[in-house]
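Trainee: Which chain is which? The protein sequence lines are V and C, in order.
Start counting the first sequence at 1; every next residue gets the next number (the working numbering).
Start counting the second sequence at 1001; every next residue gets the next number (the working numbering).
Just to be clear, a hint being listed does not mean it is correct.
Only pairs whose alpha carbons sit at most 35 angstroms apart, straight line, appear in this in silico DSBU-like list of lysine-lysine [said to hold, decoys possible]:
#1 1148(C) / 1028(C)
#2 271(V) / 1148(C)
#3 271(V) / 1026(C)
#4 1225(C) / 1117(C)
#5 1264(C) / 1026(C)
#6 1028(C) / 1285(C)
#7 1262(C) / 1028(C)
#8 1148(C) / 1026(C)
#9 1262(C) / 1292(C)
#10 271(V) / 1285(C)
#11 1225(C) / 1285(C)
#12 1028(C) / 271(V)
#13 1148(C) / 1285(C)
#14 1225(C) / 1148(C)
#15 1264(C) / 271(V)
If you are wondering where the hints come from, they were derived from the structure by calculation, not from laboratory data.
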Amino acid sequence: MDWQSWLIGTVSRALAFGTPLLWGTLGEIYTERAGVVNLGVEGMMILGAFSAFAVAQTTGHPGLGVLIAAVVGGAAAVLHAFLTVTLRANQYVSGLALSLFGLGLAGLLGRGWEGIPLRQPLPNVTIPGLSRIPVLGPMLFQGQSVLTYAGLFLAVVLWVLLYRTRWGISVRSVGESPSTADALGVNVFLVRYLCVGFGGLLAGVAGGFLSVAYRPAWTEGMTAGMGWIVIALTIFAAWDPLQAVWGAFLFGGLYHLSFRLQEFVAPELLKLMPYAFAILVLALTGLGKARRRWGAPGALGLPYTRGER
Amino acid sequence: MRLVRLVAAVMVATAVLGAVGFAQAKLKVGFIYVGPIGDYGWSHAHNLGRLIVERDLGVETVYVESVPEGEVETYIDQLVRQGCNVIFTTSFGFMDGTLAAAQRYPNVIFAHCSGFKRAPNLATYMADFYQVYYLNGLMAGALTKTGKVGYVGAFPIPEVKRHISAFTIGVREVNPNATVHVRWIYEWFNPAAAKEATEALIAEGCDVFAFTEDSPTVVQVAAEKGFPSFGHYSPMYDFAPNHVVSGQIVHWEEIYVDFLGKVKAGEYTAKNLANVDYWWLLSQKAVELGAKSGMPVNPVFEGALKAYIVDHPVFGRISVYDLVFVRLAQMGNPGITFDPFEGPVYDRKGGLQVPAGHWMSYDALITMEWAVEGVVGPWPGEP
């Protein structure tokens, strides 16, 4: 077993397993950047996974399935926005409720859909030309999902939007200090609704990826805790879309290695990494200057009422 | 006054009707599942058994799913309140909770799946696959080209270890130099973990796959790469018709129908279950060889298995295809004449575990922690 095959195997598996994590994390970053915590990622993902499978199986179009998954995830997130932004309910409670609700509803709707292979999965792509490059080719450009590359592209776009556009400043200001943003004429409610809804959209895609591409089948509870890794990764990425890229793929790689190295390293150790890193980041960014740069958005978790301070 | 009399009359009537109802001993059967019935694995299979019970015996059934192992007693309380007089608890981790509840409700009949603690009103039952895994192993040994067979295991517990060892004995009976490479996912159900474990085994050069996990993931991933595999628990043929060789299918209904039939007939009561333990295998038809019912070997692989001839110490020159069916008959027909763990069996550290000519006892089977020769990979709890 030479180092090249280890490298190729680890990186290519990191991309595949990291893809749903990346989509989910990008969504949660935007949600939280606008000041709303949504712990409902697991629920939105599983709703996305089921709807993608049901649509893809019925119509024969996996792409359409992913699209509907996005809509369903978005709709679930808007429900969260209604509860937390309009009704100012506790965001943590509402998010947890959304996770449980999503798991339950998807399980209920999914009765009778388990045990059926998807007739047309979302095909993997091998990029001609690039895949021939030694080492790099099989590592990055062979047999990956379209959604892997789309996720990478999206991360860059979202980073530019967040840090280099007026619109991004509005989002960040809403998350840091909604009253100031409001005073400056930013529509806090609209921004929060849009960001939370967008976050759900991406979580829906993450779930859809699981059921029509990664492992094309429906089974109840198939997200198996991935939504919680997303929450940890959002913190680990310090709410930055580009850091989410390497965060997601780092955990993808670690996850793969936890099986490759099972004889030498306790798998539990590698599995708790996302959470351990998240705690580490939380601890580090809680301190003085680091908080300004890498810390959580200032108004994260707080409902906004106009006129209150 | 009139009202009081009316109430009293109603109460008496209810009591009388209730007593009559009890005398008729109408069965209401409760099932407690550890997972969701949509898992297409363990809980799904038990639930299929429940539906057949309802259809064939005409008894009323209720179920609760996704019950955390520590909370089984709460759910038993709930089922008893709902009027259940027979309760099946279907996970090893429910064992102590079921025993405690059985002592609390001495008139309710309990049966616990896969455990070993019994009481006058608590029986145990299990449909075990080790014979079927051995038969799958024979085919895997014939089909591997690299000499490395991959196995994705759920938890390193005796049940799964027994299956892997039986499978490995089969593999090496027809391919003495082949090895079985094991990866654990430490969960009964986790498609992503099963997928990455399979990918890790593929990266190590394995080219035939078997598993213990509650989803068809391993079958799908192997088929994607063109590798043969064996289904587990539920019929998984449809997930890869060109790549699933065979597999193991369970028929819990065989046990449920038999048990409840005897309860109905008055043979089993809440007083005499202390020695009732179902350990049902091929010959009781509680388990079946195949990736779908009625198809022991996928015809796609018939040619390859018939072409693979071994020089067998007992049967002489024989194709693996024929060997599978000879062994199936030896274990499946009444009067079993063969067991996969027929001695001499050595563990992978070289210790003699089963002397020549002996079979393993039931107790030795269900507490088996060692691995046979040919198993490669981590083996937590290895003596």
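Trainee: Now tell me if each hint is right for this structure.
Mentor: Hint check:
1. 1148(C) / 1028(C): The hint is violated at about 49 angstroms.
2. 271(V) / 1148(C): holds, 27 angstroms
3. 271(V) / 1026(C): Roughly 49 angstroms between the alpha carbons, so the hint for residue 271(V) and residue 1026(C) is violated.
4. 1225(C) / 1117(C): violated, 44 angstroms
5. 1264(C) / 1026(C): holds, 9 angstroms
6. 1028(C) / 1285(C): Cα-Cα ~26 angstroms, so holds.
7. 1262(C) / 1028(C): holds, 14 angstroms
8. 1148(C) / 1026(C): Measuring from Cα to Cα gives roughly 54 angstroms; hence the hint is violated.
9. 1262(C) / 1292(C): holds, 29 angstroms
10. 271(V) / 1285(C): Answer violated: residue 271(V) to residue 1285(C) is near 40 angstroms, above 35 angstroms.
11. 1225(C) / 1285(C): With Cα atoms ~34 angstroms apart, residue 1225(C) and residue 1285(C) stay inside 35 angstroms; holds.
12. 1028(C) / 271(V): violated, 43 angstroms
13. 1148(C) / 1285(C): Holds. Residue 1148(C) to residue 1285(C) sits at ~31 angstroms (cutoff 35 angstroms).
14. 1225(C) / 1148(C): Satisfied, since the Cα-Cα distance of roughly 15 angstroms is no more than 35 angstroms.
15. 1264(C) / 271(V): violated, 49 angstroms
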